[in-house]
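Novice: Chain by chain, the residues run as shown.
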Amino acid sequence: AAGVIQSPRHLIKEKRETATLKCYPIPRHDTVYWYQQGPGQDPQFLISFYEKMQSDKGSIPDRFSAQQFSDYHSELNMSSLELGDSALYFCASSLTLYQETQYFGPGTRLLVL
Amino acid sequence: SQQGEEDPQALSIQEGENATMNCSYKTSINNLQWYRQNSGRGLVHLILIRSNEREKHSGRLRVTLDTSKKSSSLLITASRAADTASYFCATAPRSEKLVFGKGTKLTVNP
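Sequences listed follow chains A and B, in order. Anchor point for the first sequence: position 90 equals 90 in our numbering, and the numbering is continuous, going up by one each time. Anchor point for the second sequence: position 101 equals 1101 in our numbering, and the numbering is continuous, going up by one each time.
Isolated chain A, as found in the complex (with noise of 0.2 Å):
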C-alpha cells in the first residue's frame, strides 16, 4: 500500500538559509499535519491543512509556513534557519478532516549547522 512520502530525507542547510520540505500524503488522504521532533523528544505539531486549506496550528515559528496544493500534497517553507531548527520534521495524512488515524511519513531529518 502507497504510504506518505517526504522529501528529501536528509537535508544540511547553513543559519539564514532557507529550506523546504515536501509532503506527499497517501492517494485519497485530504489532510495534512507536520510535526517536528527534536532529539530526543516527542513529535510537537507544528500545523494541518486540510482541502488546501490550514485548518490548526501549533507551535510553528512565525520564520516557516506551510501550505497545501490542488494535488493535496504539502510543503513547509523556513526560512532564516536556526541551529535550533535541527530536528526531525515528519509529514502526516488521514483520510479527512476527523479521521481520527493519522499516517506517518519517514521523516525529513534536517541538520543546520
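Hints may be right or wrong, so weigh each one.
[What the hints assert, rightly or not] Result set (BS3-like, lysine-lysine): computed pairs, CA atoms no more than 30 Å apart in a straight line:
1) B:LYS1102 / A:LYS57
2) A:LYS13 / B:LYS1102
3) B:LYS1070 / A:LYS13
4) B:LYS1105 / A:LYS57
Just so you know, these hints were derived from the structure itself, not from any lab.
Got chain A sorted already, so can you dock chain B onto it with the hints?
Specialist: Frame of chain A; chain B shown alone:
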C-alpha cells in the same frame, strides 16, 4: 505542557517477557493512540482506543484506557528483540492534531 506522559521513560527486558508502558493525560479526549518509533525513523501507528472503550487487542498488543484516571497502558506480550523501539501515546483533544507524550524507550534483549 504535555498532554500525555509516559512511564517508565526506559524499560529493558528479556525476550519472551511482557512489557507494560503507561500513559497519563490531562484533558478530555476522543481517543488515545499508541505509536512506535524505531530509532530516528518514522512513527508507526499501532492501535487506537476510543474514549468509550476500556480495552482493545491487536495481535500481541493489549491497550487499556481508564478515562476516570486519565490513563492508558500498552502491554506487549511475549516480546521480541524486534520490538525494541520507542513507544509514544498520543491524544487528540480536538480530534485533529495529535499531542504526544514523552515516550518509553523499550529495549528487548535477546
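Novice: Check the structure against each numbered hint from earlier and tell me which ones fail, lowest number first.
Specialist: 3
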